[in-house]
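Protein chains in written order, with the UniProt record's numbering: chain A, 1 to 331; chain B, 1 to 331; chain C, 1 to 331; chain D, 1 to 331.
Hints are computed from structural coordinates only; laboratory data are not their basis.
Incorrect hints may have been included.
Chain copies aren't distinguished; within one or between two, either way the pair holds.
[Said to hold, decoys possible] Cut-off 20 Å, straight-line C-alpha distance, at most; resulting in silico cross-link-like pairs (SDA-like, lysine to any residue): (1) Lys146 - Lys310; (2) Lys310 - Arg102; (3) Lys163 - Ala107; (4) Lys71 - Gln43; (5) Lys71 - Gly120; (6) Lys310 - Glu99; (7) Lys323 - Gln281; (8) Lys146 - Ile221; (9) Lys323 - Pro31; (10) Lys323 - Ala59; (11) Lys323 - Ile297; (12) Lys310 - Arg284; (13) Lys310 - Val149; (14) Lys323 - Arg291; (15) Lys146 - Ser222; (16) Lys323 - Tyr294; (17) Lys310 - Glu150.
There are 4 protein chains.
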Amino acid sequence: MDIPMEPLFGAGIWHFGQYVDRYATDGYGPPVSTLEAIDRAGQVGSLSVVDLTFPFAPAELPVSEVADALKRNDLRAIAITPEIYTRTFVKGAFTNPSESVRREALALISAAAEVGRELGVDYIKLWPGQDGWDYPFQADYAEIWKYSVEGVRELAVAFPDLKFAIEYKPREPRNRMVFSGVARTLLAIEEMGQPNVGILLDFGHSLYGGESPADAAQLAISRGRLFAIDVNDNFRGWDDDMVVGSVHLTETVEFFWTLRRLGWEGVWQLDQFPFREDQVQAARDGIEVMRAIYRAIDLIDEDALAAAQKAQDALAAQRIIRKALLSTLPD
Amino acid sequence: MDIPMEPLFGAGIWHFGQYVDRYATDGYGPPVSTLEAIDRAGQVGSLSVVDLTFPFAPAELPVSEVADALKRNDLRAIAITPEIYTRTFVKGAFTNPSESVRREALALISAAAEVGRELGVDYIKLWPGQDGWDYPFQADYAEIWKYSVEGVRELAVAFPDLKFAIEYKPREPRNRMVFSGVARTLLAIEEMGQPNVGILLDFGHSLYGGESPADAAQLAISRGRLFAIDVNDNFRGWDDDMVVGSVHLTETVEFFWTLRRLGWEGVWQLDQFPFREDQVQAARDGIEVMRAIYRAIDLIDEDALAAAQKAQDALAAQRIIRKALLSTLPD
Amino acid sequence: MDIPMEPLFGAGIWHFGQYVDRYATDGYGPPVSTLEAIDRAGQVGSLSVVDLTFPFAPAELPVSEVADALKRNDLRAIAITPEIYTRTFVKGAFTNPSESVRREALALISAAAEVGRELGVDYIKLWPGQDGWDYPFQADYAEIWKYSVEGVRELAVAFPDLKFAIEYKPREPRNRMVFSGVARTLLAIEEMGQPNVGILLDFGHSLYGGESPADAAQLAISRGRLFAIDVNDNFRGWDDDMVVGSVHLTETVEFFWTLRRLGWEGVWQLDQFPFREDQVQAARDGIEVMRAIYRAIDLIDEDALAAAQKAQDALAAQRIIRKALLSTLPD
Amino acid sequence: MDIPMEPLFGAGIWHFGQYVDRYATDGYGPPVSTLEAIDRAGQVGSLSVVDLTFPFAPAELPVSEVADALKRNDLRAIAITPEIYTRTFVKGAFTNPSESVRREALALISAAAEVGRELGVDYIKLWPGQDGWDYPFQADYAEIWKYSVEGVRELAVAFPDLKFAIEYKPREPRNRMVFSGVARTLLAIEEMGQPNVGILLDFGHSLYGGESPADAAQLAISRGRLFAIDVNDNFRGWDDDMVVGSVHLTETVEFFWTLRRLGWEGVWQLDQFPFREDQVQAARDGIEVMRAIYRAIDLIDEDALAAAQKAQDALAAQRIIRKALLSTLPD
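Isolated chain A, as found in the complex (with noise of 0.2 Å):
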């Protein structure tokens, strides 16, 4: 018998939420409960996983009812994400001058994990998105970064059992954040010396921030530091949470393509913000693009490859991967 060999294919809950901006302020479109939104991603009908954002909406909403609509859906909670970057925190979490909000973020964080663990989670997912500084001269980057490691470090001893993924980005929404790269927040995790804390890289953000990619996954791997990832895509200037591959194919599969090379097993997940898009099929067509880019590694001439890199022949190891992935090459 022939099993699909294809990897687990997961989504950020958020994907199938309302989305609002500074000129949108009335949203993209009404409300969506935690509850609805899981249902959509049922909808969606390839996604095994979900990263599910807490309080739940409404707050009040028991996790068990949360356990029975991933259930009835087949999905299964992949991470937990504390908000940690509404308006209690919009002057920092782990940073925030007032030490008291700082508790309060910790505490949050200390709820979220606890209803992880109840759910099952991989890791708990921390987005310090409100964590670093707008304008010149306005923080002591030492007291900044103090802040950080301590405040992640605390929440790694007190749960030993579970896993902490940070989501590093340049920026947004402070202008700049304190966790900014993959090797800034190697330097940081390897500073807290404690096993369970690991990076979610997401794609976009290190596209934009300036990074390669795939380097990027290499060197977390490299650590032992790669706790999950997310795809989307971006004009390479701001994290614009496009469709995957929209832009940037080659690149990306660039990035499942070192991922699988060096054995990296986890979950294909998607971090899309389809904001005047359909978001059931936004999620169907990132899938559709994984589910090519999965078929095309397969046909890549590995030998040759290896070779072209070994080389650092560009033009040939662009050749190779065009032959695997176009349909219409000349002979």
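Fit chains B, C and D to the known structure of chain A by using the hints.
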């Protein structure tokens, strides 16, 4: 009697409103009504005019109450900005694929124009931030262009006694905006062939769009189309809407110096988004910087600068500016 | 009868020359004469035309020898590009502060035009990469603009039988170029008021200048000013002049599809700088990619795409393109 | 007795050399020998040290003549920079695919180190601008990383009495550099495990790489690895190497203020490329700006700034800096 010779200062009323973004979906502060925002503008102390978004908050607020609030705060409405970028218009206002939504946008702008007329504004501001495209292959660019030109022209013809100022911007919220830069907007305006359409030049939009804002101002003025300006600052990769002069002081001086040299006598207007700062203080600080710039301009050795520019001597020009601006230059 | 169903391919002759930059000041390879470069172009095998820089290397090389070299390589000169960006012109060609240098630039271009006429080129290419400014306050922008418009106009009037194609670019080597984008260049051209001035649209310049290249092409075509194109690729932050399609495949397809749909029938021309690669192979690879694109365009479901664009349906449009382009899509 | 209270000023000797780029291939001026460049540096009047590229021009120039030239100009060699980015090394120095070229790079650096020892330099500067990759799929990133770490470690071990300072940069001439940012370079240095390897932090590289230079300095200092700095300015999209403070005055002040506050006492060193300006004057201007900054730092209200930073109060912090810096603030 010696009258203090300085420009009028103004601000967009949104400077004093509630900010929301896709992360802090509950807002950087509580909701703010139009009247409250006007009162905050009044607290600044040096503002003479404001640009009002329309519909008011709440929508049923009578114009007379707005007029009263302005009056008691010694403010005048310089402009009205119809909100053609909220949920109804997320797929475009002038360029929406649906004709009925396009008509709705024109209707909203027309209603705003009527109110503007009642309030005695100088211009109706058009900010078509949702007009454009997000993905390669999404749009028929010729059609998008035509919709934009024809839509604005129709308004200009319908309200010949009013002026319409298009605020261009490279992107956000749309990934690509139709009116993306000064030259492109001038091309469109000249194609419209109406005298009452011009440009609102936002310093920050120009900066992060790769323009030299002073040059952009010169170009618009040379064709008689600079109707208004907004100022703020950013890190050149996004429309950060920071306090004036906090990053690009010299280019801000150049911008205002150019306006003055060319005899442009409009309002010096703030478009800042102090997400995490005190709004009134941020406005005061922006005005303080503008005042310092205004005074520094008086200290510029104009003959020497003209000679330096004639010779395109960058070092000499910069020395002249430093001398006018800095307090601690060595002799 | 079998009509060759593909566009003509071309290349800038500098593709086959010596590259130098501010670090590898001894060059990425040894010096290359014009005749050697033409012979390399001939080796590519699929090139029909080349764009020649002038003066030739060496400067005293007779035009007849160039013509012979072209002939024996089955090549034709589509254009001539006067080098108005070398040492004499580092402070500008059209916009040089010295009138005598400005005249020298016009003289060089005129000499190039004479040679171009002799070689039967389609257009004289103007690439004013040193025309602009570097520092805030350095230039009188009105004067710089005037110099640019009047200089090109003078040429257009002097050579009414020839076409002049301005290649715009945001920057490099000058920090800011006068002819920085498509709209700005069109504004200037329309101000010139001559029929024989148009645009050479370089895909990479457009891309890293924040334009959508297909939209830029549409705009130039709509005004009858698209005289020529160059293609290559980059990482969107600089003019990397990489092999066509190596990063932005979909946007490259969109660009060529737009040209074809609008009936633009010029040469598909390479402007690549394979600094560390084999030049002939890089040209062959660029052409291979263009051929694959040409064939893929034939596979696009045009009716479906027209409907998707009418509805501005990004997901549908992208699906149609993927179907034409990729070999491994799931059913 | 009054001791001159200011830092030592320095410059890279290339500041006074010939500049070439891919357009002005005949150079922005005539060739300049090492001795001529040193004499130009001497003309500046306020320079105490220079960083010398190696091999000298001409290559056979005896070290003793260089030493004499330095002496007669009251200069000292602070560093030596082996040219591991010229034609031999365009495919990489440490990371060249050819082992023999990698050895050649180490040999050149070793020769430079010997000369540096003779001249009594403070550090050997490593600027591996050709080490990296250009295209997706070109390189095996793990191998490139290993080559980089092992190559530098080998040098550090071979010359335990000398210091090696890696100058990182996001890109140019290579599209992507291995040592691209401060965190990544620190990761690599810590992996090397040698005490005599550190960082040369170029303000402009940090700026256009998306870092906050003052934060980058803090991070390097906190790990004892900030060996040297270079300053200049740019438009944040490329390494324009403009005169210090011409665009980002406030961030330059923040950078120097941070160095001083953290007790870092190295040379304030110029890395400017005044392509079209007088080189000596450009250096004098850069120093004038640095002197103005040095004095302004003395005027900063440190207690107030510490309080503002403790509260992360951007507005207050900026007001304090404006007060120290600007001459025309309103009362």
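Evaluation of the provided hints:
no.	hint	verdict
1	Lys146 - Lys310	between (41 Å within a copy, 13 Å between copies)
2	Lys310 - Arg102	between (48 Å within a copy, 14 Å between copies)
3	Lys163 - Ala107	within (17 Å within a copy, 46 Å between copies)
4	Lys71 - Gln43	within (13 Å within a copy, 55 Å between copies)
5	Lys71 - Gly120	within (13 Å within a copy, 60 Å between copies)
6	Lys310 - Glu99	between (52 Å within a copy, 11 Å between copies)
7	Lys323 - Gln281	between (29 Å within a copy, 16 Å between copies)
8	Lys146 - Ile221	between (25 Å within a copy, 14 Å between copies)
9	Lys323 - Pro31	neither (45 Å within a copy, 34 Å between copies)
10	Lys323 - Ala59	neither (51 Å within a copy, 43 Å between copies)
11	Lys323 - Ile297	both (11 Å within a copy, 18 Å between copies)
12	Lys310 - Arg284	neither (37 Å within a copy, 22 Å between copies)
13	Lys310 - Val149	between (38 Å within a copy, 18 Å between copies)
14	Lys323 - Arg291	both (17 Å within a copy, 13 Å between copies)
15	Lys146 - Ser222	between (25 Å within a copy, 11 Å between copies)
16	Lys323 - Tyr294	both (14 Å within a copy, 16 Å between copies)
17	Lys310 - Glu150	between (41 Å within a copy, 17 Å between copies)
Going through the hint list in order, the structure does not satisfy hints 9, 10, 12.
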